[in-house]
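Given next are the chains, with one letter for each unit.
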Amino acid sequence: MKWDVLIPICLALIVTFAIGILLHKRLKVKNANFQEDYFIGGRSLGPLVLTFTLLASAASAGTFIGSPGVAYNSGFSWILILLTQVGMGVYILGILGKKFAIVARKINAVTLTDFFKERYQSKAVVLGSSIGIIIFISAYMVAQFVGGARILESITGLPYKTGLIIFGLAVVLYTVYGGFRAVAITDAIQGIIMILGGVLLWIFFFIKTEGFSGLIGQLVTEHPEMVELPGPSGATPLMLFSYFMLFGIAAIGLPHASVRGMTFKNTESMHKSIIYSGLIMALFTIFFATLGPFVKVLYPNLSVPDMALPTLILDIMPGWVAGIVLSAPLAAIMSTVNSMLLVTSASVVKDIYLNYINPKASERKIAKLSYFTTLIIGVGVVLFALTPPDYLQFIVVYAIGGLEATFFAPIVFGLYWKRATTWGAIISMYAGLISYILLGELFPNPFGMQTIVTSTAVSIFLMIAVSYLSKRPSQEVIIKFWGSQSAAANRGDRSIS
Amino acid sequence: MKDQVDFIEDSRFAQCDKEMRVTMWLFVINIFLVGGVSLWIGLNKPAASMNYILGFPAWFFWGGLVGNVIFCILPYFMVKFFYKDMSIEAEDEG
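Top line first, the protein sequences correspond to chains E and P. Taking my numbering as reference, the numbering of the first sequence is continuous, increasing by one, and the terminal residue is 497. Taking my numbering as reference, the numbering of the second sequence is continuous, increasing by one, and the terminal residue is 1094.
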């Protein structure tokens, strides 16, 4: 066991949680109710925490481990593809925008499903979206934990199950205890660790190796395809465009990311966060993925490409620095899992229990139930990760794209198009999901584009067509979403007097 | 219908819609600035005839790195010129 690497990783974890717990108590919002506070941090996030929690929930282990590994084999074309995620935060905040935050306040929404429930007034939409969230996101959490424990095992020698249980339970207990605001704070700290890790990595890289200019010549001679376009990752114009959709704009459909559009304190936070988020996502991406092709020159024969970056890190850095840098991918995993955990538990408590089982539950009962649900889901996810079932991989492959294809049209059209109807939403959701899975199994990448583009297009088309064919939404819904509340109040006063 | 006469739209939403459209334009710019430039310089060019800048293929340097640096600055101007501060509470001021 490599204690010199393991100890800094554990310390980073402990310090992060300690700061999180301290700040969490200090930042408590006084007059927010429990659900608002626990699931979306009392709508009180400032710009820095908002940026990091948005990006850290979206950037998972893939950015730090998976992508350098793919770039190790495919070269620069893959890094270009990955760079399509730079604008993700800008698009989530800019397109959902203030309107999403205002509407969420008008209707008191704390989950995406709340938004759907008020906008489309349909059980099929509410149950479909909450069950979809629970299945897909839980599976994705299991996969993240499996990835995290494997990284921990290969870099420190800590046995898989031990690592999983310690690491997994720490994340779960912290999330149960602190709720959204605590999670957002640790996301911010972990985001800073990721950036610092990147800076350290580049410094050591330039000291210990010949640098990019020194290594590129050898790369071009030995693997010319790795500097070419479309290159081994197939970055043709249409393919690249689909990745801009998949990693950029369609991320609006990811419930654990889009729910953050309800959480900012005021427009100043949101404006600043839009400015920061492009820059920070660019740093996350460039710092880590860009090294992938150069690792190929230094260590040409790695059997597991995912080990490309860890191998480099362990080789060029003293153990304790390597520990700090390698806590970045683990931090990324934690910050993705904790936000997903809250979204899933909000779905169970808020969308299913409070809507259909016991609408009159007291505040205390909701609180108890929320802690309990988060704990059970979290522990369940860790248990599943101990011996991941075979069908898991199938769900994970479709998780991210499936969520995007399902939710993109109902959110964006529901928010900006008054004519979007219940039937439009139902058909577009299910058509998006089903076409995504069917196309993925039968004809992947139709028209030379990623499957997600085709199925999102199907979903958008059906949203428009079915909405025009069905009855317009009731005036009540329109007034609730679009109407001016103060104008309504003034009119009410006048008619009384 | 009587109901429809009564309906007054929240005065902030016109601005919100405008901000959404501006963001969509930024997405288009993003695609051309990063994807377009990279493909324009590098598509189907063999490694032997490529230029290299600071150890990166020229297409990646201009599209992937410089393109993204410019793209990271653009949101600043977008917010400055097109976005407006407003209350985001449930009640509007109108």
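These aren't lab readings, by the way, just hints derived from the structure by calculation. One thing to keep in mind: the hints can contain errors.
Stated by the list, open to error - Estimated spans, in silico, between C-beta atoms of each pair:
id: 1; chain 1: E; residue 1: P224; chain 2: P; residue 2: E1009; range: 56 to 62 Å
id: 2; chain 1: E; residue 1: W3; chain 2: P; residue 2: M1086; range: 50 to 56 Å
id: 3; chain 1: E; residue 1: E268; chain 2: P; residue 2: I1070; range: 20 to 26 Å
What the hints assert, rightly or not - The calculated DSS-like cross-link candidates involving lysine-lysine, where the alpha carbons are at most 25 Å apart (straight line), are:
id: 4; chain 1: P; residue 1: K1018; chain 2: E; residue 2: K418
id: 5; chain 1: P; residue 1: K1018; chain 2: E; residue 2: K272
id: 6; chain 1: E; residue 1: K418; chain 2: E; residue 2: K365
id: 7; chain 1: E; residue 1: K480; chain 2: E; residue 2: K123
id: 8; chain 1: E; residue 1: K123; chain 2: E; residue 2: K106
id: 9; chain 1: E; residue 1: K480; chain 2: E; residue 2: K418
id: 10; chain 1: P; residue 1: K1084; chain 2: E; residue 2: K480
id: 11; chain 1: E; residue 1: K161; chain 2: E; residue 2: K365
id: 12; chain 1: E; residue 1: K2; chain 2: E; residue 2: K272
id: 13; chain 1: E; residue 1: K418; chain 2: E; residue 2: K123
id: 14; chain 1: E; residue 1: K272; chain 2: P; residue 2: K1080
id: 15; chain 1: P; residue 1: K1045; chain 2: E; residue 2: K480
id: 16; chain 1: P; residue 1: K1018; chain 2: E; residue 2: K106
id: 17; chain 1: E; residue 1: K2; chain 2: E; residue 2: K480
id: 18; chain 1: E; residue 1: K106; chain 2: P; residue 2: K1045
id: 19; chain 1: E; residue 1: K25; chain 2: E; residue 2: K365
id: 20; chain 1: E; residue 1: K161; chain 2: E; residue 2: K2
id: 21; chain 1: E; residue 1: K2; chain 2: E; residue 2: K265
id: 22; chain 1: P; residue 1: K1045; chain 2: P; residue 2: K1084
id: 23; chain 1: E; residue 1: K106; chain 2: E; residue 2: K265
id: 24; chain 1: E; residue 1: K360; chain 2: P; residue 2: K1080
id: 25; chain 1: E; residue 1: K265; chain 2: E; residue 2: K25
id: 26; chain 1: E; residue 1: K123; chain 2: E; residue 2: K272
id: 27; chain 1: E; residue 1: K272; chain 2: P; residue 2: K1045
id: 28; chain 1: E; residue 1: K106; chain 2: E; residue 2: K272
id: 29; chain 1: P; residue 1: K1084; chain 2: E; residue 2: K418
id: 30; chain 1: P; residue 1: K1084; chain 2: P; residue 2: K1018
id: 31; chain 1: E; residue 1: K2; chain 2: E; residue 2: K208
id: 32; chain 1: P; residue 1: K1080; chain 2: E; residue 2: K480
id: 33; chain 1: P; residue 1: K1045; chain 2: E; residue 2: K265
id: 34; chain 1: E; residue 1: K471; chain 2: E; residue 2: K2
id: 35; chain 1: E; residue 1: K265; chain 2: E; residue 2: K360
id: 36; chain 1: E; residue 1: K471; chain 2: E; residue 2: K25
We put the CB at the ideal spot given by N, CA and C, even for glycine.
The hints, checked one at a time:
1. Judged by the Cβ atoms, the range 56 to 62 Å given for P224 of chain E and E1009 of chain P holds: they are separated by roughly 59 Å.
2. Range check, W3 of chain E to M1086 of chain P: Cβ separation about 54 Å, and the 50 to 56 Å hint holds.
3. Checked against the hint of 20 to 26 Å, the pair E268 of chain E and I1070 of chain P passes, with Cβ atoms roughly 25 Å apart.
4. Taking the CA atoms of K1018 of chain P and K418 of chain E, the gap is about 16 Å. The hint holds against a cut of 25 Å.
5. Under the criterion of a C-alpha separation no larger than 25 Å, the hint pairing K1018 of chain P with K272 of chain E is consistent with the structure, at around 18 Å.
6. Among the hinted pairs, K418 of chain E with K365 of chain E is inconsistent with the structure: their alpha-carbon atoms are about 37 Å apart, more than 25 Å.
7. Proposed proximity of K480 of chain E and K123 of chain E is supported: the alpha carbons are some 19 Å apart, at most 25 Å.
8. For the proposed pair K123 of chain E and K106 of chain E, the alpha carbon gap of about 21 Å is at most 25 Å, so the pair holds.
9. In summary, the hint linking K480 of chain E to K418 of chain E is supported, as the alpha carbons are separated by about 11 Å, within the 25 Å threshold.
10. The hinted pair formed by K1084 of chain P and K480 of chain E meets the criterion: a straight-line CA distance of about 23 Å does not exceed 25 Å.
11. For a cut-off of 25 Å, the pair hint linking K161 of chain E to K365 of chain E is broken: about 34 Å separates their Cα positions.
12. Annotation: proposed proximity of K2 of chain E to K272 of chain E is violated, straight-line Cα distance about 42 Å (limit 25 Å).
13. Taking the CA atoms of K418 of chain E and K123 of chain E, the gap is about 20 Å. The hint holds against a cut of 25 Å.
14. At most 25 Å may separate the alpha-carbon atoms for a hinted pair to count; K272 of chain E and K1080 of chain P meet this at roughly 10 Å.
15. Pair hint K1045 of chain P plus K480 of chain E does not hold up; C-alpha atoms about 56 Å apart against a cutoff of 25 Å.
16. Annotation: proposed proximity of K1018 of chain P to K106 of chain E holds, straight-line Cα distance about 20 Å (limit 25 Å).
17. With a C-alpha separation of about 59 Å, the suggested pair K2 of chain E and K480 of chain E falls outside the 25 Å cut-off, and the hint is violated.
18. The suggested pairing of K106 of chain E with K1045 of chain P is violated, with an alpha-carbon distance near 54 Å, which exceeds 25 Å.
19. Between K25 of chain E and K365 of chain E the CA atoms are separated by roughly 22 Å; this keeps the pair inside 25 Å, and the hint holds.
20. Pair hint K161 of chain E plus K2 of chain E holds up; C-alpha atoms about 17 Å apart against a cutoff of 25 Å.
21. Annotation: proposed proximity of K2 of chain E to K265 of chain E is violated, straight-line Cα distance about 44 Å (limit 25 Å).
22. Between K1045 of chain P and K1084 of chain P, the direct Cα distance comes to roughly 45 Å. Violation of the 25 Å bound is thereby established for this hinted pair.
23. Restraint check for K106 of chain E and K265 of chain E: satisfied, since their Cα atoms lie roughly 15 Å apart, inside the 25 Å limit.
24. Pair hint K360 of chain E plus K1080 of chain P does not hold up; C-alpha atoms about 45 Å apart against a cutoff of 25 Å.
25. Only pairs whose Cα atoms come within 25 Å are accepted, and K265 of chain E paired with K25 of chain E is accepted, the gap being roughly 18 Å.
26. Pair hint K123 of chain E plus K272 of chain E does not hold up; C-alpha atoms about 37 Å apart against a cutoff of 25 Å.
27. For the hint pairing K272 of chain E with K1045 of chain P, the CA-to-CA distance comes to about 40 Å; that exceeds 25 Å, so the pair is violated.
28. For the suggested pair K106 of chain E and K272 of chain E, the alpha carbons sit about 24 Å apart, so the restraint of at most 25 Å is met.
29. The straight-line distance between the Cα atoms of K1084 of chain P and K418 of chain E is roughly 23 Å, inside the 25 Å bound, and the hint therefore holds.
30. Straight-line distance between C-alpha atoms of K1084 of chain P and K1018 of chain P comes to about 10 Å, which keeps the hinted pair within the 25 Å bound.
31. Proposed proximity of K2 of chain E and K208 of chain E is supported: the alpha carbons are some 22 Å apart, at most 25 Å.
32. For the proposed pair K1080 of chain P and K480 of chain E, the alpha carbon gap of about 30 Å is over 25 Å, so the pair is violated.
33. A C-alpha spacing of about 49 Å is found between K1045 of chain P and K265 of chain E, which places the hinted pair above 25 Å, so the restraint is violated.
34. A hinted pair counts as satisfied when its Cα atoms are at most 25 Å apart, and K471 of chain E with K2 of chain E does not qualify at roughly 65 Å.
35. Of the supplied pair hints, the one linking K265 of chain E and K360 of chain E is violated, its CA atoms being roughly 29 Å apart against a limit of 25 Å.
36. Taking the CA atoms of K471 of chain E and K25 of chain E, the gap is near 49 Å; set against the 25 Å cutoff, the hint is violated.
The structure fails hints 6, 11, 12, 15, 17, 18, 21, 22, 24, 26, 27, 32, 33, 34, 35 and 36 (numbered hints given earlier, in ascending order).
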